[in-house]
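For the record, the sequence lines run as chains V and F. Just so you know, we're using the numbering used here here: the first sequence kicks off at 1 and counts up by one. Just so you know, we're using the numbering used here here: the second sequence kicks off at 1001 and counts up by one.
Simulated from the structure, these hints should not be mistaken for laboratory data. Among the hints, a few may not be true.
Claimed, not checked - With a cut-off of at most 30 Å between alpha-carbon atoms, the simulated DSS-like pairs for lysine-lysine come out as follows:
| id | chain 1 | residue 1 | chain 2 | residue 2 |
| --- | --- | --- | --- | --- |
| 1 | F | LYS1247 | V | LYS108 |
| 2 | F | LYS1068 | F | LYS1146 |
| 3 | F | LYS1132 | V | LYS108 |
| 4 | F | LYS1132 | F | LYS1155 |
| 5 | F | LYS1138 | F | LYS1155 |
| 6 | F | LYS1138 | V | LYS108 |
| 7 | V | LYS108 | F | LYS1254 |
| 8 | F | LYS1254 | F | LYS1068 |
What the hints assert, rightly or not - Sample of chain F residues facing chain V (criterion: CB under 7 Å; computed from the structure):
| id | residue |
| --- | --- |
| 9 | VAL1042 |
| 10 | LYS1068 |
| 11 | ASN1140 |
| 12 | PRO1144 |
Said to hold, decoys possible - Derived list of chain F stretches under chain V, where covered just means 3 residues or more per stretch with a C-beta under 8 Å from a C-beta of chain V:
| id | segment |
| --- | --- |
| 13 | 1001 to 1015 |
| 14 | 1027 to 1034 |
| 15 | 1176 to 1186 |
| 16 | 1208 to 1215 |
Positions of the beta carbon are idealized from the N, C-alpha and C atoms, including for glycine.
Listed here are the chains, written in short residue letters.
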Amino acid sequence: MNNKEVKRVTDYDMQQLIGQVLRYGVLISGLVAIVGGIWYLYQQGSGIPNYTVFHGEGEGYTSLTGIINGLGKGSATEIIQLGVVILIATPIIRIVFSLVAFGLERDKLYVLITMIVLSIILFSTFGGLSI
Amino acid sequence: MTILTFTLILLLGAYLAGLAGSLTGLGGGVVIIPLLTLFFHVDIRYAIGAALVASIATSSGSASAYVKEGITNIRLGMFLEIATTAGAVMGAILAIYTPVNIVAILFGVTLIFSAAMTMRKKHEGLLAEGSKLSYVLKLNSSYPTKDGVVDYKLKNIGGGFSIMTLAGMLSGLLGIGSGALKVLAMDSAMRVPFRVSTTTSNFMVGVTAAASAVVYLQRGYIDPGIAFPVIIGVLAGAFTGSKLLMKIDVKWLKIIFSFAITLIALNMIYNGFNHKF
């Protein structure tokens, strides 16, 4: 098998792999949101929604540790937020998979470009923010 | 109104948003923000959080199919994501210092621009020769059409990259995918074929939104009670849309939708100037 053929196979594989990552990420996130949502409606469905005033930070579901703690207690809002976190993580995981795929293709330029994108996202995730 | 009725109406609204967004290519976020602010009187910051969630859901949900078909230019998307993610982080920081009524006005202006972009004529001619940078960055590629595989070459990479930074900033500030601006950068500046630019733009929206979503999650913009009907509704709507897209002619739908979007936009701008946010 010559070099060109190896590369073509890998490019096709990367497309299929990325497609699968996106599909399953979205599916899992939707399922978690449905479970949390039904539980949330069962507990609070008869309450009155109050979104006219912005409350901001402070709630358990605004930090990763808060979400994990809430999950331990079986709290509905934190289960939903886990679904949101999976949804946000899906495109980021897609980038990690692309990084590996470009590495296997020995495409140094695109390994570098992918690493720049990944660092910008990780910087905004962890850079001086509460975790 | 109880939380249960609120959830059910929002679920239906998110479904229609996902459906219209995927049929017209504008994404789910543009409908979610006016629905929440103008109809439910929800604070615009919760609406932005919901729109971000909707943008990631529509992008990842529909991108999976296009990527597998090989239409999306993954290298082009990856390269331009440097610009959009950096822009999105700047936008999310800018959002702290921007008054909410200014955000509403900016959103309205972006909506009108997006509506106008939907109606414009698209470039059809492909370039035979790309710019030097397009070869260095390996951005020239090919894509499958019904007449076989078509090769294309790109130019003006720098110009496209700059517009992408702006698109990223807007999406970080407003929570929307700003697909119209992304398509403008690729379609008009870099001469990416229309099908490739729409699918690659859609592919990039998820990563761009994810870059600012974590910041917004931590600032409390993403509320679980709003997020879950939005995720489920938008995903179901986008799925129906992608099935329908093969069967119906969306020309009239685009015209009606653009008109409706423009009216909503004017309403948002008017309320923004009157400090009703």
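Status of each hint after checking the structure:
Pair hint LYS1247 of chain F plus LYS108 of chain V does not hold up; C-alpha atoms about 42 Å apart against a cutoff of 30 Å. Proposed proximity of LYS1068 of chain F and LYS1146 of chain F is supported: the alpha carbons are some 16 Å apart, at most 30 Å. As the CA atoms of LYS1132 of chain F and LYS108 of chain V are separated by approximately 19 Å, the hinted pair is consistent with the 30 Å bound. For a cut-off of 30 Å, the pair hint linking LYS1132 of chain F to LYS1155 of chain F stands: about 8 Å separates their Cα positions.
Restraint check for LYS1138 of chain F and LYS1155 of chain F: the C-alpha separation of about 12 Å stays at or below 30 Å, so the hint holds. Restraint check: the Cα-Cα separation between LYS1138 of chain F and LYS108 of chain V comes to about 12 Å, which is no more than 30 Å; the hinted pair holds. With a C-alpha separation of about 42 Å, the suggested pairing of LYS108 of chain V with LYS1254 of chain F is violated against the 30 Å cut-off. The straight-line distance between the Cα atoms of LYS1254 of chain F and LYS1068 of chain F is roughly 26 Å, inside the 30 Å bound, and the hint therefore holds.
For VAL1042 of chain F, the suggested interface contact is upheld, since its CB lies about 4 Å from the closest CB of chain V, less than 7 Å. A cut of 7 Å between beta carbons decides the hint on LYS1068 of chain F: the least distance to chain V is about 4 Å, and the hint holds. Restraint check, ASN1140 of chain F versus chain V: the minimum CB separation of about 14 Å is more than 7 Å; hint violated. About 12 Å separates the beta-carbon of PRO1144 of chain F from the nearest beta-carbon of chain V, more than 7 Å, and the hint is not met.
Coverage of the segment 1001 to 1015 of chain F by chain V holds. Counting CB-CB distances below 8 Å, 6 residues qualify, and the rule asks for three or more. With 0 residues carrying a beta carbon less than 8 Å from a beta carbon of chain V, the segment 1027 to 1034 of chain F misses the three-residue requirement, and the given coverage is violated. For the segment 1176 to 1186 of chain F, the stated coverage by chain V is violated: 0 residues have a C-beta nearer than 8 Å to a C-beta of that chain, whereas at least 3 were required. For the segment 1208 to 1215 of chain F, the proposed coverage by chain V is satisfied: 7 residues have a C-beta within less than 8 Å of a C-beta in that chain, meeting the threshold of three.
Taken one by one, the earlier hints fail for this structure at numbers 1, 7, 11, 12, 14 and 15, listed in ascending order.
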